[in-house]
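Trainee: Kindly produce the complete structure, drawing on both the sequences and the hints.
There are 2 protein chains.
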Amino acid sequence: MPAQSNGGSHPATRRAKRPTLRDVAALAGVSIATASKALNGRGAVHPDTRDRVLVAAEEVAFTPNRLARNLLSGRSGTIGLLTNDLIGRFSIPILMGAEDASGTGEMSVLLCDARGDAIREAHQLKTLLSRRVDGLIVVGSDTDPRPSVGEKIPVPVVYAYAPSTSPEDCSLVPDNIGGGRQVTQHLLDIGRTRIAHITGPADFLAAADRAQGVAEALGAAGLPLVGDRPLYGAWTEAWGRTAADTILDRFPDTDAIVCGSDQVARGVLDALHERDLDIPGDVAVTGFDNWDVFATGSRPRLTTVDMDLELLGRLAAERLIRAIDQPLDAGITTLPCRVVVRESTAG
Amino acid sequence: MPAQSNGGSHPATRRAKRPTLRDVAALAGVSIATASKALNGRGAVHPDTRDRVLVAAEEVAFTPNRLARNLLSGRSGTIGLLTNDLIGRFSIPILMGAEDASGTGEMSVLLCDARGDAIREAHQLKTLLSRRVDGLIVVGSDTDPRPSVGEKIPVPVVYAYAPSTSPEDCSLVPDNIGGGRQVTQHLLDIGRTRIAHITGPADFLAAADRAQGVAEALGAAGLPLVGDRPLYGAWTEAWGRTAADTILDRFPDTDAIVCGSDQVARGVLDALHERDLDIPGDVAVTGFDNWDVFATGSRPRLTTVDMDLELLGRLAAERLIRAIDQPLDAGITTLPCRVVVRESTAG
DNA sequence: AAACATTCCGAAAAGGTTTTCCTTAGGCTA
DNA sequence: TAGCCTAAGGAAAACCTTTTCGGAATGTTT
Numbered sequence: 001m002p003a004q005s006n007g008g009s010h011p012a013t014r015r016a017k018r019p020t021l022r023d024v025a026a027l028a029g030v031s032i033a034t035a036s037k038a039l040n041g042r043g044a045v046h047p048d049t050r051d052r053v054l055v056a057a058e059e060v061a062f063t064p065n066r067l068a069r070n071l072l073s074g075r076s077g078t079i080g081l082l083t084n085d086l087i088g089r090f091s092i093p094i095l096m097g098a099e100d101a102s103g104t105g106e107m108s109v110l111l112c113d114a115r116g117d118a119i120r121e122a123h124q125l126k127t128l129l130s131r132r133v134d135g136l137i138v139v140g141s142d143t144d145p146r147p148s149v150g151e152k153i154p155v156p157v158v159y160a161y162a163p164s165t166s167p168e169d170c171s172l173v174p175d176n177i178g179g180g181r182q183v184t185q186h187l188l189d190i191g192r193t194r195i196a197h198i199t200g201p202a203d204f205l206a207a208a209d210r211a212q213g214v215a216e217a218l219g220a221a222g223l224p225l226v227g228d229r230p231l232y233g234a235w236t237e238a239w240g241r242t243a244a245d246t247i248l249d250r251f252p253d254t255d256a257i258v259c260g261s262d263q264v265a266r267g268v269l270d271a272l273h274e275r276d277l278d279i280p281g282d283v284a285v286t287g288f289d290n291w292d293v294f295a296t297g298s299r300p301r302l303t304t305v306d307m308d309l310e311l312l313g314r315l316a317a318e319r320l321i322r323a324i325d326q327p328l329d330a331g332i333t334t335l336p337c338r339v340v341v342r343e344s345t346a347g
Numbered sequence: 001m002p003a004q005s006n007g008g009s010h011p012a013t014r015r016a017k018r019p020t021l022r023d024v025a026a027l028a029g030v031s032i033a034t035a036s037k038a039l040n041g042r043g044a045v046h047p048d049t050r051d052r053v054l055v056a057a058e059e060v061a062f063t064p065n066r067l068a069r070n071l072l073s074g075r076s077g078t079i080g081l082l083t084n085d086l087i088g089r090f091s092i093p094i095l096m097g098a099e100d101a102s103g104t105g106e107m108s109v110l111l112c113d114a115r116g117d118a119i120r121e122a123h124q125l126k127t128l129l130s131r132r133v134d135g136l137i138v139v140g141s142d143t144d145p146r147p148s149v150g151e152k153i154p155v156p157v158v159y160a161y162a163p164s165t166s167p168e169d170c171s172l173v174p175d176n177i178g179g180g181r182q183v184t185q186h187l188l189d190i191g192r193t194r195i196a197h198i199t200g201p202a203d204f205l206a207a208a209d210r211a212q213g214v215a216e217a218l219g220a221a222g223l224p225l226v227g228d229r230p231l232y233g234a235w236t237e238a239w240g241r242t243a244a245d246t247i248l249d250r251f252p253d254t255d256a257i258v259c260g261s262d263q264v265a266r267g268v269l270d271a272l273h274e275r276d277l278d279i280p281g282d283v284a285v286t287g288f289d290n291w292d293v294f295a296t297g298s299r300p301r302l303t304t305v306d307m308d309l310e311l312l313g314r315l316a317a318e319r320l321i322r323a324i325d326q327p328l329d330a331g332i333t334t335l336p337c338r339v340v341v342r343e344s345t346a347g
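As you go down the protein sequences, you meet chains A and B in turn.
Going by my numbering, the first residue of the first sequence is number 1, and it counts up by one from there.
Going by my numbering, the first residue of the second sequence is number 1, and it counts up by one from there.
If chains are identical, the list can't say which one is meant, so a pair holds when it fits in one copy or spans any two.
Computed list of lysine to any residue pairs in SDA-like fashion (alpha-carbon distance at most 25 Å, straight line):
(1) Lys126 <-> Glu106
(2) Lys126 <-> Gly74
(3) Lys17 <-> Ala68
(4) Lys126 <-> Glu318
(5) Lys126 <-> Leu71
(6) Lys37 <-> Gly74
(7) Lys126 <-> Leu39
(8) Lys126 <-> Pro19
(9) Lys17 <-> Arg322
(10) Lys126 <-> Arg75
(11) Lys126 <-> Ser73
(12) Lys17 <-> Glu168
(13) Lys152 <-> Leu54
(14) Lys17 <-> Ile321
(15) Lys126 <-> Ala68
(16) Lys126 <-> Ile321
(17) Lys37 <-> Ala68
(18) Lys17 <-> Leu71
(19) Lys126 <-> Gly77
What the hints contain is simulated information worked out from the structure, not anything from laboratory work.
Because the structure is a prediction, the values reported are computed rather than measured.
Mentor: Structural data, given as structure tokens:
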């Protein structure tokens with residue numbers, strides 16, 4: 001038999017019209033104005049009346065329709081999160097931080113993945129604007145600057161991870177240079193002097209920045225980089241293995257390798273094991289990203305650099321939420337990284 | 001100098017009131033009714049008039065306020081995605097699939113992470129309902145059944161990855177048993193007969209299911225599992241290493257190891273390398289999850305089981321969107337897995 | 001020229017909530 | 001008892017769009 005439209009069963013109740021404030025007011029025997037005030041604790045309403053309203057609301061399982069409230073207030077209580085690689089590793093912590101910061105209050109997160117496609121991004125942007133998001137966080141897939149999402153956006157925009165090319169915009173990025181410097185300093189601190197650097201593609205700003213940090217720390221210590229230049233390649237374990245072999249063949253006295261990512265570091269560890277070298281006894285190894293499954297799954301566990309992306313996301317959201325009322329401060333803000341020391345450098 | 005409220009500069013324009021349909025209509029010299037029809041291509045409106053309206057809309061950069069439209073239609077054009085481990089590996093592909101399915105049309109995704117906290121989940125649920133989501137996808141962090149999100153939800157709910165304990169609900173889960181069977185069959189097909197199984201905690205349904213699949217395939221071939229029982233432990237590389245050592249010490253003639261996850265498989269590979277065994281010559285190894293960075297970063301690359309979570313997410317969203325108009329079909333639907341063959345089994 | 005059909009446009013209601021006054025009733029003071 | 005004040009509740013506007021229905025103007029037919 002076909003489903004009735006008004007049974008008590010599961011799918012049927014679904015179609016029931018949701019109760020409105022009018023229903024609550026009628027049940028409590030008051031006007032909708034009074035009902036509204038009672039529910040929101042605003043205005044002067046007699047305690048007895050208020051209780052009646054609350055009971056009535058409870059009874060019909062009243063849920064205020066935020067669509068109506070939003071229409072009135074002109075705000076949706078929503079922030080749009082425009083990401084470009086959901087699958088990637090960097091959007092997620094940022095997303096969590098943003099969700100964290102906004103979820104506590106009245107804000108929710110509307111998610112869009114542009115998949116790196118500009119057309120798609122423009123479309124998503126239009127949708128989000130049409131939905132009257134109160135603000136926008138744009139997350140890049142790498143730290144290379146990206147074009148501004150548009151100059152005439154009627155809501156504040158914060159760029160996270162990848163900064164905007166426009167100095168008018170507000171961007172939050174991790175301090176990759178500092179991270180490279182810090183982790184190199186850590187190696188210097190534990191007495192390493194023949195330090196090599198293996199990292200990702202040279203045309204990634206993240207790789208270049210980290211390499212610059214490494215160079216700065218070594219320069220300050222008056223030491224050269226083993227092989228003089230970083231080995232640029234790919235963000236993969238395979239490249240880590242290859243590059244480590246290259247380094248060790250040419251410079252067997254290398255006593256530390258700074259890697260541009262945890263994945264590269266894993267490859268390097270592999271190559272070192274293959275040669276029966278002791279880590280960190282013979283060669284210390286460091287990663288970058290503090291990608292948990294890689295950094296703590298390895299043997300030994302990796303000393304690495306944590307960019308604190310969740311904090312970055314939270315800050316981005318907080319800044320954005322503040323910017324809904326106050327003007328947004330333009331410019332690029334860099335967030336410090338921190339070195340997480342584990343057994344790959346601390347014997 | 002303090003920022004003016006009406007300059008042409010960036011932060012100033014932000015505060016400008018957004019143009020409404022009324023503005024467009026006034027500029028085009030028509031009524032708002034006509035403007036609406038012209039913009040939406042509905043009703044009979046003269047081409048010249050329509051053009052005037054379109055030009056006017058363009059001029060003031062009109063973006064329709066979906067809040068108003070939604071209030072009128074009673075639908076928000078939004079689906080809520082309630083996840084429980086954003087950080088985890090399984091929510092993301094599902095999220096992508098859902099976003100994919102809904103993004104094409106008029107639907108957007110409202111994201112909430114309950115972080116595994118029931119209180120928090122109830123709160124998020126209330127918020128989503130208040131925002132009048134048209135439907136809900138609930139994503140679990142593992143395949144263990146989870147309590148229904150509530151019986152009196154006024155919108156359709158689809159459970160993805162983790163099924164609901166209530167048979168009244170609609171759930172979509174990967175076929176872990178089938179996956180275990182398939183990958184074991186693959187090993188049998190390439191001639192392996194002494195097969196061991198190393199997997200995660202016994203109280204994870206995913207581990208138990210996969211083990212059951214392995215047992216079924218071996219049973220059908222009339223073969224015992226090496227060591228008779230699966231080695232349950234943790235979803236970590238460390239456990240993979242430990243367990244592989246245990247197996248090989250006790251059963252040196254083992255010629256294949258089915259692992260419950262790619263991480264475990266990585267640990268197993270490590271242990272095999274340590275013993276200078278050839279993979280897959282001496283021992284073939286398989287993973288589970290097809291987690292790209294693990295499965296293709298290893299040496300050799302891992303044969304593994306792909307649960308096609310993105311498809312699962314897309315199906316969940318499609319089913320949900322369909323359910324907004326039609327009744328939702330209850331029950332648990334399992335989605336087949338597929339074996340991805342790589343060098344760890346194909347010499 | 002009258003009746004009619006067709007085409008195009010506009011007035012108004014609806015959707016659910018919040019907020020701003022305004023009204024009413026009761027209590028208080030002089 | 002008259003005047004005033006306060007507390008409590010209600011009417012109605014506002015938010016913006018969509019849609020229905022009716023009206024006006026033009027063109028067509030007898």
